[in-house]
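Colleague: Sequence:
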Amino acid sequence: MRWGLLGGTFDPIHFGHLRGAEEMQEIFNLNRIIFVPSSRPPHKLEADITAFNHREQMIRLAIEDNVNFSFSEVENLRAGKSYSVETVEYILDKYMEDLELYFIVGQDAFQAVTTWKNWEKLLLLCNFAVMTRPGYDDMRLNEILPKEFAAQFNYDKEIDGFKGPTGHAIYFRHTSFLDISSSRMRDMVKAGKSIRYLTPSKVRQYIAKNSLYKTS
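For what it's worth, the working numbering labels the leading residue of the sequence shown as 10, then goes sequentially.
Mixed in with the good hints, there may be bad ones.
When the alpha-carbon atoms are kept at most 30 Å apart in a straight line, the in silico DSBU-like pairs for lysine-lysine are as follows [unchecked claim]: (1) Lys202 to Lys172; (2) Lys172 to Lys156; (3) Lys103 to Lys130; (4) Lys126 to Lys199; (5) Lys130 to Lys156; (6) Lys223 to Lys90; (7) Lys130 to Lys172; (8) Lys156 to Lys202; (9) Lys130 to Lys166.
Since the hints were made in silico from the structure, they are not lab data.
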């Protein structure tokens, strides 16, 4: 099995998330993309995040017509802050015998990866698939990671990726850049502006029905 793991707050999920996931699924010939919403992100205040059940329902509505997409509530079931390294360890422990895992992340998030909990361990646990933006044709690991750590990864022309000491690789791949921001969408809803064509209609309807992102 070849699975992709796509994490985030998804507050709300939008077409940028969905299109990126679709393209990475095709690029790496993945059997499944698992959307894993963060329950208690360590970099954000819990009061600033929409309740998990609402974000879960929006994701489920957004992916329900794609047989290659699925949802996991693993980070909501675990107590404490939501750390990617713990999520990856959990999935690998459960499916390791026949699973090749790709942790999918946006370029901006990857460039801050050294602020994550146990980031060195995480980068050696599975493959990393980084979605890059236009204009970034020459991504260099030693400009993102400490040079001593980056030196463990060697560029492999055959896979067009940086292979590490555990056999996993870090890949940089261009995907369609949709300049959509969840935070901007929340501001638009709060201001009474339309978010049509930024997210699936069922997600828009859910937001309206539950009065999400309105000023209290």
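Colleague: Do the alpha carbons of Lys172 and Lys156 lie within 30 Å of each other, as the hint requires?
Modeller: 15 Å, holds
Colleague: With a cut-off of 30 Å on the C-alpha distance, tell me whether Lys130 and Lys172 pass.
Modeller: Holds. Lys130 to Lys172 sits at ~15 Å (cutoff 30 Å).
Colleague: Has the given pair, Lys130 with Lys166, been kept, meaning a C-alpha gap of at most 30 Å?
Modeller: 24 Å, holds
Colleague: Are the Cα positions of Lys223 and Lys90 separated by 30 Å at most?
Modeller: Roughly 26 Å separates the two Cα atoms, so the pair holds.
Colleague: Holds or violated: are the alpha carbons of Lys130 and Lys156 at most 30 Å from each other?
Modeller: At roughly 16 Å apart (the allowed maximum being 30 Å), Lys156 and Lys130 satisfy the hint.
Colleague: Does the structure keep Lys103 and Lys130 at a Cα separation of 30 Å or less?
Modeller: 18 Å, holds
Colleague: Keeping to a limit of 30 Å between CA atoms, is the pair of Lys126 and Lys199 held or broken?
Modeller: 33 Å, violated
Colleague: Could you grab the alpha-carbon distance between Lys156 and Lys202 and see if it respects the 30 Å cut-off?
Modeller: 46 Å, violated
Colleague: Take the C-alpha atoms of Lys202 and Lys172, compute the straight-line distance between them, and say whether it is at most 30 Å.
Modeller: 46 Å, violated
The structure does not agree with the numbered hints 1, 4 and 8 stated previously, though it agrees with the rest.
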